[in-house]
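Student: Residue numbers (the numbering used here), protein chains in the order written: chain A, 1 to 325; chain E, 326 to 587.
Any given hint might turn out to be false.
Stated by the list, open to error - With a Cα cut of at most 25 Å, we get these calculated DSS-like pairs of lysine-lysine:
#1 A/LYS124 / A/LYS202
#2 A/LYS38 / A/LYS79
#3 A/LYS260 / E/LYS544
#4 A/LYS265 / E/LYS544
None of these hints come from the bench; they were simulated from the model.
Listed below, chain by chain, are the residues.
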Amino acid sequence: MFDEKDLVLEAKHVTRRFPTNDGRLLTACNDVNLKMYKGKTLGLVGESGCGKSTFMRFLVWLDTPTEGEIIFHGKDITKLKGKELWETRQHIQMVFQDPSTSFNPKMIIRDIICEPLMNFGRIKASEKDAKARELLELVDLPGEFADRYPHNMSGGQRQRVAIARAIALEPEIIVMDEATSALDVSVQKTIIELITRLQREKNITIGFIAHNLGLIQSFAHQVAVMYLGNIIEVMPGEGLAEKCVHPYSRALLDAVFDTKMDFSKPIELIKGEAPSPLDVPVGCPFQDRCPQCMDICRREKPKLISLEPDHEVACHLFTKGEKQT
Amino acid sequence: MALLEIKNVDISYGKRVTVKNVSLDLNAGEICSIVGESGSGKTTVIRAVLGLIAGGGKVTAGDIIYEGRSLLKLSQAEWRDLRGHDISMIFQDSGAMMNQTRLIGNSYVEYIRTHENISKKEAWDKGVAMLQRMRLPDCDRIMNSYPFQLSGGQRQRVGIAMGMTYQPRLLLADEPTSALDVTTQAQIVRQFMDLRDEYGTSIIIVTHDLGVASYMGDKIVVMRNGEIVDQGDRDHMLNHSQNDYTNMLLDAVPSLGGRRYV
Numbered sequence: 001m002f003d004e005k006d007l008v009l010e011a012k013h014v015t016r017r018f019p020t021n022d023g024r025l026l027t028a029c030n031d032v033n034l035k036m037y038k039g040k041t042l043g044l045v046g047e048s049g050c051g052k053s054t055f056m057r058f059l060v061w062l063d064t065p066t067e068g069e070i071i072f073h074g075k076d077i078t079k080l081k082g083k084e085l086w087e088t089r090q091h092i093q094m095v096f097q098d099p100s101t102s103f104n105p106k107m108i109i110r111d112i113i114c115e116p117l118m119n120f121g122r123i124k125a126s127e128k129d130a131k132a133r134e135l136l137e138l139v140d141l142p143g144e145f146a147d148r149y150p151h152n153m154s155g156g157q158r159q160r161v162a163i164a165r166a167i168a169l170e171p172e173i174i175v176m177d178e179a180t181s182a183l184d185v186s187v188q189k190t191i192i193e194l195i196t197r198l199q200r201e202k203n204i205t206i207g208f209i210a211h212n213l214g215l216i217q218s219f220a221h222q223v224a225v226m227y228l229g230n231i232i233e234v235m236p237g238e239g240l241a242e243k244c245v246h247p248y249s250r251a252l253l254d255a256v257f258d259t260k261m262d263f264s265k266p267i268e269l270i271k272g273e274a275p276s277p278l279d280v281p282v283g284c285p286f287q288d289r290c291p292q293c294m295d296i297c298r299r300e301k302p303k304l305i306s307l308e309p310d311h312e313v314a315c316h317l318f319t320k321g322e323k324q325t
Numbered sequence: 326m327a328l329l330e331i332k333n334v335d336i337s338y339g340k341r342v343t344v345k346n347v348s349l350d351l352n353a354g355e356i357c358s359i360v361g362e363s364g365s366g367k368t369t370v371i372r373a374v375l376g377l378i379a380g381g382g383k384v385t386a387g388d389i390i391y392e393g394r395s396l397l398k399l400s401q402a403e404w405r406d407l408r409g410h411d412i413s414m415i416f417q418d419s420g421a422m423m424n425q426t427r428l429i430g431n432s433y434v435e436y437i438r439t440h441e442n443i444s445k446k447e448a449w450d451k452g453v454a455m456l457q458r459m460r461l462p463d464c465d466r467i468m469n470s471y472p473f474q475l476s477g478g479q480r481q482r483v484g485i486a487m488g489m490t491y492q493p494r495l496l497l498a499d500e501p502t503s504a505l506d507v508t509t510q511a512q513i514v515r516q517f518m519d520l521r522d523e524y525g526t527s528i529i530i531v532t533h534d535l536g537v538a539s540y541m542g543d544k545i546v547v548m549r550n551g552e553i554v555d556q557g558d559r560d561h562m563l564n565h566s567q568n569d570y571t572n573m574l575l576d577a578v579p580s581l582g583g584r585r586y587v
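Work the whole structure out from these sequences, hints included.
Tutor: This is the structure we're talking about:
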């Protein structure tokens with residue numbers, strides 16, 4: 001399904017530790033290895049605090065990893081500096097979660113959308129009006145919106161503007177951090193339709209962060225599940241409901257409320273909440289909440305192993321099976 | 326007789342009528358979900374039941390009847406007895422409704438002592454017992470914490486514990502799970518269902534998530550632009566509704582193994 005020559009970005013052994021006030025270390029991302037392919041969507045799923053945003057922020061230089069490298073077109077982008085960094089920035093853009101706080105409230109939409117273009121000298125000031133209209137129409141908004149302020153628009157419209165700003169530079173990668181979770185369900189659907197249409201037209205690679213596995217499986221080509229800073233399962237988005245095997249991924253799936261579910265059955269729960277990333281237990285990070293926890297899970301941390309092409313899982317339930325065969 | 330009857334209610338801010346002709350009946354032990362997009366007036370309706378419409382809004386027509394008496398004519402003293410005792414409300418972020426500079430325990434004790442003439446020690450123990458019933462771990466530590474020290478799910482459980490202290494006949498929940506992770510959301514939803522089964526509490530839940538609304542609600546009310554556009558029991562709404570707007574909302578819920586966009 002994924003062709004190595006379409007590889008756009010590769011994260012190798014990325015680790016990020018934050019020092020805390022009392023001298024301990026918080027590991028937000030632990031040895032993360034992920035690949036992003038041309039024109040495909042990578043969905044990153046997990047509960048709050050699992051490190052999914054921390055990882056995606058490396059791609060847009062809002063943070064740098066403590067260890068590891070992120071290869072983009074043969075170069076480690078975490079080491080870039082000066083002019084080279086500035087030039088690479090135009091290839092990777094971001095859409096934030098809350099569209100009401102990701103704009104300067106004093107700028108009109110035309111200036112907001114054209115700011116990245118002006119910054120890289122792609123257009124002249126006289127061309128701004130035409131370009132802003134063109135971009136607004138691309139995200140299905142009327143061109144007259146160019147004269148509005150962000151507060152004159154609804155949340156869904158603002159998120160469309162954020163997407164217009166992100167695609168203005170025609171980047172290769174767009175990172176979307178929970179880009180639909182502040183929106184109504186009906187608006188969410190239209191935004192997903194917009195994103196997938198733009199992806200088809202412009203062949204953009206998307207990194208999408210979400211906490212809802214039900215949402216992400218509807219449009220991601222590749223889904224990675226994170227728990228306490230570790231990638232615990234990577235699988236194709238298609239047929240995800242049948243394919244995913246890690247107990248935590250199954251729990252995330254069971255927690256999705258669906259209008260077509262069986263209402264007579266009580267919803268399945270995993271107990272408790274994720275422990276603090278400051279005291280990650282020895283062994284499998286999911287051990288305390290796992291319904292199938294075994295002795296080995298308390299001693300040894302499971303490694304990611306390949307179940308089938310494009311499907312990897314980190315769980316002792318499956319490591320054992322591999323040894324037998 | 327229905328526990329709560331909302332009869333042809335209009336709610337206005339100044340001269341602008343924002344909620345028009347809303348009628349709703351709720352029986353004891355029944356759960357009603359109100360769904361709609363933001364700005365459809367769903368929160369305003371349940372705030373009106375508790376007499377807490379924000380920003381100077383007023384009920385200008387119709388009547389709200391709880392156990393046979395009109396809620397619109399209550400005096401302040403009667404409201405104080407009713408609120409938090411017979412009718413409770415749970416907000417989207419229970420941490421934000423508490424005083425940020427006071428320990429949760431102190432807020433809780435004060436709340437209990439407005440409704441009951443007991444000592445601070447007894448009130449504290451009652452609070453701890455309630456938190457335990459919500460399956461919160463380490464309840465003494467939680468009572469000694471500030472709201473910002475707890476996770477979103479824990480805060481929400483504290484809010485539900487507070488709301489349930491006097492086993493109200495009617496619980497109003499305003500987007501109680503929208504700010505939470507899916508796993509925590511499932512736990513909280515389950516807890517709401519248990520409350521109904523154990524105490525026979527009637528619940529009105531306001532949400533924009535059709536999945537949660539249909540899992541919880543015996544009946545579902547769809548609101549749009551301040552009016553009820555469609556209502557009925559769950560089976561009717563999910564499978565047989567003729568209303569285009571209802572079906573559009575249903576279609577927008579991402580469904581497992583459902584439509585894929587790529």
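Student: Each hint should be assessed against the structure and marked as holding or not.
Tutor: Now for the hints, and whether the structure bears them out:
1. A/LYS124 / A/LYS202: Cα-Cα ~23 Å, so holds.
2. A/LYS38 / A/LYS79: 23 Å, holds
3. A/LYS260 / E/LYS544: 16 Å, holds
4. A/LYS265 / E/LYS544: It holds: about 18 Å lies between the C-alpha atoms, which stays within 25 Å.
When held up to the earlier numbered hints, the structure conflicts with none and fits them all.
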